[in-house]
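Trainee: Position chain B against the provided structure of chain A, taking the given hints into account.
Number of protein chains: 2
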Amino acid sequence: MAIKTAEQMAGEQREISVAEFFEKNRHLLGFDNPMKALLITVKEMVDNSLDACQEAGIMPEIKVKLKIINEDRIKISVEDNGPGIMKEQMPRIFGKLLYGSKFYKMQQSRGQQGIGVSAALLYSQLTTGKATLVRSRTAANKPVHEMTIRIDTMKNEPIILNNITYDKTFNDHGTYIEMEIEGKYRKGDRSVDEYMKETAISNPFAKFTYYVDSEKIIYPRLIDKLPIEAKSIKPHPYGVELGIFERMAKNTKAKSVLSFITNDFCRVGSGTAKAVLKMAKVSPNNKPNHLDHQEIEKILKGLQKSKIMNPPTNCLSPIGEQVLEKAVQKDLKTEFQAAITRPPSVYRGMPFLIEVCIGYGGELNPKGTAQIMRFANRVPLLYQASSCAVTKAVQSIAWGQYHVEHQGNNPTGPLVIAVHMASVWIPYTSESKEALEPYPEISKEIRLAIQDCARKLKSYLAGKKRRQLDAKRKGLFEKYLPTVADALADLSEENNAMILKSLEVIVKKEKIEGEDIDDAGEAEEIREETNE
Amino acid sequence: MAIKTAEQMAGEQREISVAEFFEKNRHLLGFDNPMKALLITVKEMVDNSLDACQEAGIMPEIKVKLKIINEDRIKISVEDNGPGIMKEQMPRIFGKLLYGSKFYKMQQSRGQQGIGVSAALLYSQLTTGKATLVRSRTAANKPVHEMTIRIDTMKNEPIILNNITYDKTFNDHGTYIEMEIEGKYRKGDRSVDEYMKETAISNPFAKFTYYVDSEKIIYPRLIDKLPIEAKSIKPHPYGVELGIFERMAKNTKAKSVLSFITNDFCRVGSGTAKAVLKMAKVSPNNKPNHLDHQEIEKILKGLQKSKIMNPPTNCLSPIGEQVLEKAVQKDLKTEFQAAITRPPSVYRGMPFLIEVCIGYGGELNPKGTAQIMRFANRVPLLYQASSCAVTKAVQSIAWGQYHVEHQGNNPTGPLVIAVHMASVWIPYTSESKEALEPYPEISKEIRLAIQDCARKLKSYLAGKKRRQLDAKRKGLFEKYLPTVADALADLSEENNAMILKSLEVIVKKEKIEGEDIDDAGEAEEIREETNE
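Quick mapping for you: the protein sequence lines, in order, are chains A and B.
Taking our numbering, the leading residue of the first sequence gets 67, the next gets one more, and so forth.
Taking our numbering, the leading residue of the second sequence gets 67, the next gets one more, and so forth.
Please keep in mind that the hints were generated in silico from the structure rather than gathered at the bench.
Any given hint could turn out to be false.
Remember, identical chains collapse to one label, so a pair may be satisfied in a single copy or spanning two.
Straight-line C-alpha distance at most 20 Å; calculated EDC-like pairs for lysine to aspartate or glutamate [stated by the list, open to error]: (1) Lys297 / Glu78; (2) Lys171 / Glu78; (3) Lys221 / Glu81; (4) Lys90 / Glu503.
Isolated chain A, as found in the complex (with noise of 0.2 Å):
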C-alpha cells in the first residue's frame, strides 16, 4: 500500500476556485439536464434585464429568442432596453462568478449572489466549448461594445476573445446576450413556455416578445407604470448573526459604539441602545472595534433581546392586488378571481411580504389538480414544487372549507393559486433557486393569504350556485305558471290571462325568500364582493 506522510499529503493541497468548483457541481446551480439548463440560463438573462431596467427607471422591453440546431443544443438571445453594461464592467459580470452589486444589498432584487448568468456562461462553454456573445449600449450618443467572453475556469477571471467597439444599428441603450448551450426545448410544465407566460404575470409593466425559431409570442405591457421602487435597508439585530455582528463593529466608520448601533442597524433607536450597553457594561463612547469577544457577545444579545420595532417595511415593492388580478384575468382568462397583497411581516430579521391571487373558472382546466404558480420577487419557480413553503401551505388548508374540490390534501377543478414573495433576502432552499425554505413566519403568512382569496372564492362560488339554484326553480315555477294561473282562475273565478301575467310579474322580480345563506359571515363577504 502507498502510504503517505504528513508531507506528501502537504505537496498535494491546493487552492480550488469558486469556478471549477461549481462546474464539477453544477448540479447546484440547477444544471443538471438539459431541459432545466435552457431554463435556468433563459431566467438569469431574463432576470438581470428586469432588474436592470427597473432600476434605472426603463419600462422594460425584452426579447428572447430559442434558436433550436439540433436535440441537443440550442442557441439563446435575450435583448433589452435597459441601460446598458460599461466596457469595463462586461468582462467581469459574464466572466467572473460571485461578482456583483445585489449581494450586499438588503433589497427586493431577482438576483442576489452575483452566480447568475456567469453560471451561464460556464455551462454553455462546459457543454458546448463556445464563448458568449455580449453587446451593450449605454446612451445613443455613445458606441456599441461588443465582446466574447470566456470564464478562465482554474482562475474564475474572465477572457476577452473579441472586442469590437462599432455604430452598428442597436438600440439606443441595452443589452444583448447570445450563447450556446447543451438544452432540449420541450414544451408544458417547467418549460421555458410556462416561464415565459408566469413571467409576464409578475411583470406586467414589461413587454415580451418571444420567439422559438419562427414561431413569436407577444406578452403585451398590461400597466404603464413601473412598480414602487424597491428601497435598500440596514440589517436589523434581529436577523444578524453574532460573526457578522463582530465583522461589522470592526470595520464600522462609526467612532464610538454608540453610533455603531444606532446608525449602522435599523429601528435602534439611543434609548434602548444606551440600556443595553448599560446592561453589558460597555462605555457608549467606547471604539467599537476595540470592544472584545465578550462585550459584542453581551452587546448583541442585549440588542435581541429588547424590545426593537420591525425593521420597515417600504423597501418592498409588491406586485398589487389590482394588478395581479388583471394580469391572472388577461393570461389566463378567468371568470373570477381574487387577490389581497398581505401586510408586510418579518422573519429573522429580514421584511417580507406575501401576495396572492386566486382565479378561478374561464378558460382554465377544469379536470386535475390546481395549477400553483410560486413567485420569488417576481421571479417564477418551475422547480422542487414539492419542498416548497407554498406547495406546504397549499396542502395544508382544509379546501373543502371553501366548497373547493379536491383529492387527498391538493385542490383539483379549474383553479390557478398565483403566491408572490418579495423580500430582501429570499431563502431559497438551494441555489439553483427553486423553492422557498419553509420558516414558520413565511409559512404562516401565505396560509392566510390563500385562506383570505379562498373565502373570496366561497363566496363567489355559493353565490353562482345560489344563482343556477334560483334559475332552476325560476324555470320550474315558469313551467308551471300557465296550469297554477288555470287553478287560480277556477277557484277565483278572476280572468286567466291576468292572473298569468301577474305572477310573471312577481316571478320577474327574482326574489325569492328563505335563502339558505350558511352564516352571517358570508353574507357579509358576499355583500362586500358585490361592491366590488
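Mentor: For chain B alone, kept in the frame of chain A given last:
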C-alpha cells in the same frame, strides 16, 4: 425614483469571496438548523480523520467529545492518531474554503470538495464568534504545533490568532480539533449518536470512543486490517465534458494529440485513438494545444462514440460482504444477515460499486418501517432520505414477493437495509452531501443488490417458518405418541413400551416427507444458505 445610470451601477459591482457566499448561504452546506449543524460539524471532522489515517496506512483510533455548554451551545472535539498536519498547512486546511487535495483526484475518499471542515469553522465563528483550536504532530520526534484559527470572511483567508509549539503530552502523531458552535444535541434519528453507530458499521477497522459530557460509548475495532487502498484513476472519455476536454488539451504535457488522448485518459488504446483522429481529420502528431475548437469537439465526440473499455475498478475499496455482515450482526444484534458486494459498474465514466446488507430479527425493532442505512464512501447519510436513490430503490421493490411485510411501498418489521455506494465521485444531490442522485445506472445496481439479499432473506424466512411448522407438528405428534402406541399395542399385541420407543426414534429423525417448497430456485437457495 432614484434612477441609476450604467455608470452608477458599475460603481456598485464588487467581488464576493466564497467564504462570504457560504456564510450567507450556509443552508447550502447543511448548516440550516442547530441539530443538523452539530451533526455536520462532527461528520466533517471524523471524515477528515478517517481519510487521513487510511491514506497514511494507520489503523484509526478516534475520540469524539461533545460538551453541552447550554441548550444552544456545544463544544466539539475530535482527536485522531492520524499522520498529523504540517504546520504550514494547518491555517489553510481549516481557515480557507475550497482548499484541499481531494478535489482534483479521481479517487474514492470521504471528503471531496475541500469545503467541509473549513465550513464548520466558518459556522462556528458566525454563531459563537469563537476561533477554532487545532493541535497536530506528525511524528514522535517532532514538536506539537497548536494554533487558534479564524477565517477572514471577506478574503477567504485564514487568520492565525495564537501559534505555539511545545512538547506537551500528545499522541505520537495525530490531530486534535476543538470548536464551539450553536448546536443542539438530541437523541434518536439523524442524531450524532446514530451517526457514530453507523460510522462504526461502515468503518469496522477503526476504534471510536464517543463521549457526550460524562457518558461514554466505545465502538471497538471489529477487523484488524485496513481496507484495500482506493487508487486514483485518470478520467474516462465517456465522463468528460467538452469544456474540460478542451482545457485538458490546452494544459497537457503531452507533445502530440495521440499521446494526449492515450496517456491523459484511461482505457484509450492507440488503435482507437488513431481511428478517432482519422475520422476527425487531425494528424496524430499535431500539438494538442494547437487544436481548434471544431477539431477538439470532433475528437471528443469520436471518443465518446467509440467502444472503449469501462474504467478500471480496482480504484474502488468496498467494505466487503463478510465484514459488512459481521458489522451489522455485531452492532445491531440481528438474528440473520445477508450481504452482497456487486461487481463495479460505471455512470458517466465514473466507476462505482454498490454493496447491500440486509439484517433481520434479533434486537431490531419488530414494529414500524424497516430501517434504511445509507452510506457513501463509508460515510452515513442521515438527511434527505426521501430524495435519495437508495430510498427510491427500496420503495421500488415488491417486498411481498420476498415475504417481507410492507405498508404501501415501504418494507416493515424487524428489518435493516444498509446500502453502500463506493465511487471516485459520489453524485450528491446537494453540497450538504445528504442524498445520492438517482442516475439510472446507480438505481439499477442498488435494486439488484437489494433483490439479491432479499432473496436470501426470503429463503431464511421460509426456512424459519418451516422449522416452526416442523416443531409444531412434532410437538403435536409427540403429544399423541402414547395414545398411538397404546392403539398399536392393542392391534399388534406387541409390547407398548417398545412401540413407543420406536416411534420416538422415528420422530427424532425430524424427517417429514412431502415438504412444501415453493419452487426449485428457492430450494437451491436454501441449500446455498445451509452451506455458508
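Trainee: If a hint holds in the structure, say so; if it does not, say that too.
Mentor: How the hints compare with the structure:
In this assembly of identical chains, the alpha carbons of Lys297 and Glu78 lie at most 20 Å apart only when taken from different copies (15 Å versus 47 Å within one copy). Taking the closest pair of Cα atoms, Lys171 and Glu78 come within 20 Å of each other only across two copies (10 Å); inside a single copy the shortest separation is 38 Å, beyond that limit. Within a single copy, Lys221 and Glu81 get their C-alpha atoms as close as 10 Å, and across copies as close as 13 Å, so both meet the 20 Å cut-off. Taking identical chains as interchangeable, the C-alpha atoms of Lys90 and Glu503 lie at most 20 Å apart only when they sit on different chains, with a minimum of 14 Å there against 25 Å within one chain.
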